[in-house]
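Chain residues, written in single-letter form:
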Amino acid sequence: MQARSLASSALPGTGVAAGCDSQSPLAWVCIAWLVCLLLVWLLAVSPVVSLAAETRAEEKPVLTVLSWGGAYERAQQRALFVPFSDATGIGVKVERYDGDLTALRQAVADGHVPWDVIDMTRSTALAACDEGLLTSLARDGVLPAPDGTPPARDFIEGALGDCFVTHSIFATVLAYRTDAFPGRRPTRVKDLFDQQRFPGPRALQRTPKANLEWALLAQGVPREELYRLLSTPRGLSLALAPLEGLDDLRWWTRGDTPSRLLMDGEVVMASGYNGRFFDALVSQGAPIAILWDGQVQEHETWVVPRHVDHPQAAKAFIGFATSAERQAELTRYIPYGPSRQSAVPLIATHRDTGVDMRLYIPTHPLNSANAVVLDERWYASTLRRITQYFDARLIDRDAASAP
Amino acid sequence: MVEQDQAQQSSPSAFLVLRVVRFLGLVALGAIVGGVAALVAVSFVAGVVWLNDTLLISPRGRMMFEYPHWLVVTTLAVPILGGVLVGQLHRLLPQHRPHGPADVIAAVQTGRGRLPIRAGAVSALSALVSLGSGASVGQYGPLVHLGASLGSAGARWLRLSRCDDHITIACGVAAAIATVFNAPLAGIVFAHEVVLRHYALRAFAPVAAAALVGHVIATNVLARGALFHVAEAPLPRSWEFGVFLLVGGLGALIAGAYMRAILAVGARSARLALAQPLRPAVAGAMLGVAALWVPDILGMGKETLRFATIAGAYTSPELLMVMGLKLAATALCLGMGFGGGVFSPALVIGTLFGALVGTLVASISGVTDTFVFYAICGMVAVTAPVIGAPLTTLLIVFELTGSYALMTAALASVTLACPIAAQLFGRSLFDIQLARRGLDLSVGRSQAMLGETRITDLISDDCVTLTSETTVAQAVAALTRSGHALGHLVDGQGRYRNSLTLVELYRGQERDSALLVGDWPRTPRPVLGPDSSLWTAIGLLQRGAGETIVVVDDEDRFLGVVREARIAKAYLRHSDALNREEHGAG
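If you read the sequences in order, they're chains A and B. Residues in the first sequence are numbered from 1 upward in steps of one, following our numbering. Residues in the second sequence are numbered from 404 upward in steps of one, following our numbering.
Only true hints are included.
Covered stretches of chain A (chain B as the covering partner; in silico rule of three or more C-beta atoms under 8 Å from a C-beta of chain B):
{"#": "1", "segment": "211-221"}
{"#": "2", "segment": "224-233"}
{"#": "3", "segment": "376-382"}
Hints listed in this document are in silico derivations from the structure and should not be mistaken for laboratory results. Think of the CB as a built atom: it goes at the ideal place given N, C-alpha and C, for glycine as much as any other residue.
My request is simple: use the sequences and hints to build the entire structure.
Put into structure tokens, the structure is as follows:
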């Protein structure tokens, strides 16, 4: 994931019923739930006591948080870090994260990790968790909703992992020029591939991610079955066919390219991160609109590495930062979607421009009706092979025909 | 009944209250049975998915596996080992075969009830192993049987009557269907249409409660996508309904071929010189080899089902080939003794068939937007005759797609498919299986029930027995004293020899009063065994067996007689009970 420095937007939505995780066996859910209950019971007292001990011993610790920089980090400063320091007296020092696990691996091997909390994509968090680089969070410290709904029911599916807590959701979406199709507007992912009704050049990210999902959605495959079908040669072939059929297709690799291509009028429809499109729309007044149908969501999570200096303070921070109120506050700076249902009704306007943020938050029910949750586990073990196939059929073909 | 009568005499209103409370108790029991059956069904479905992913059967599991070259080995090894395990599991069962919906139907239709929980659990486990290791079988049959067994166990545990046992069995069945399809109406209708085969308000309420609980559990716990889902269905042109009818007619033939193939492989494999527990492993090996080329035939085939609803996913020759292979693979797996249902493979075969028709129609007429209609029509045209449940399949389509247009099209197909298949093959695969086991349900339920009732309790020893040395005069005197018109000649070893009417004896007495009855010419009369059914006894009566029928055991020993009046009384009692069960309101 390259740095999406300008907010990708999103508010957490209630209706994100979930997608690709549907195959997670029920038995696991039950076991996890029971284990969770047991842990909550066991830990009911201890964290509070030890946090008190920790703070007493060190007076005011300073938490080191690793985040992505840019507008994203500025938003976190205003919505999370400063209010946390005000509330607890614990200082927060922010360092820039590059999305890589190499440094963390080394630090864990050395037995001392200088970053107490890291902001990771869920796919990275899953890999780091499997490698044993992270502390088990087991949901301790995560607060219930304001109305008392327990976190397990309040957070969206897949948000509470063994060693991570999803704090927000960003999405890869389609956007189109509002002046490109007089008299009609694209409303479905299907319209991406319909160059008869919606003529003009397209721009898509040069990766199988999202593109394959959209190609199948356009053929009537329900979102729950996308990854099962993409696991067969027939499904892959079926997904590539409409992509092959697109005329005037541009491939982009940098996150800021699609909004520029749209603003310059080089393409009429493009995929991109919702935060980038929001920025182009609100800050630069671009004549574009977001097509939320088929948005592909990914999770941003908080994790605590092993061997950190202030584990209890780190967990306290995660509890604070993932509360419904703080999640809603973050959406007033960047369009990242809250990961819990109870934060959705609290979404208001943009602090600086007064824009109604509900329209730009991926997880808001207005936008999330047909949202796909990216299956990171699936991609983790298949991306290399799928990309080879994707490149062979689409990219190399274009390269061959271009000169 | 006796208690109720007494209660009614003492206080009519107290009796009414008691009756309502008892009925509400039955509804509550239905809900509890539904809840348990639904949770078990949910775990079963999750277990199959997990096993398929772990054992590299599902496409997802295969795709995510890091060493693709080893897939050849696992594709062969997993079905074989699964077959070995299934073979061993089946040794724990009576008749060494997995139980299924046919056994549920038999239990209810004969009035026997009382499904053993052990057979249900072992059959479900064997189905779990079969499905988990990729056998081409269905998951709904075992779940229906397991739900029914749980319901029956509940009724037994509370010492309820057999009539209530039937209701709790239906509750388990309805909950299983309602949960796995997330289709409560289909669950209720399936329990009535296939298992109970009558409609009584007394049964409806508990069954509906069970289906509702199953539905609630399915929506809250089983975060699962619809089995099939149709984004936007355009309205078919009017001439297309003619094609849907045709799909129904042809679908009936495919359903027949499917049922015949399963039964034929079953009959052939019984004659194989191969120990029964090893047969599934052999089927697994053959399946594994075929799956190396066509992995679509492994398991339940959910992906195949989906692809078949997408125009252009398969070419016509591919559709034909996968359909044929799936049919053969299912017949092989079920016939050779894997455990599992027949519904899911029928769904796949039917959908592929419908897709084939849809592709042909598109190539002839150029109509492509209604492709999914053909797929769904083919699906119901094949599945409805196989399980003998036209209304259920229609409701499943409706509840899963929410599309009225699709259901109407499916109705056109079912209209023709079910009667044609019933005429040519039988009401359902279950009925055909039961008929081959000697239980013919095509003539209605009273025969099944009377056939299941033994005459043992009707045997009376109030009769006149004669020995070979008795003279005619003595015999006449004895009969006149007792008031019976028939005497029975029993020899020294207690074996039945002959029956003599009073009239015959009179005539003999007129010729020679010292004549011994042992010298009398033997007139052949029909006799009953101690285990004969009431149905047999009634048959003998109809053929003029007379006022009493002699009962003898295997070695011809005389056990007593059954009187016409007692047979008639028993018959009336049974039809009364049947009426109460089938028309009772509460």
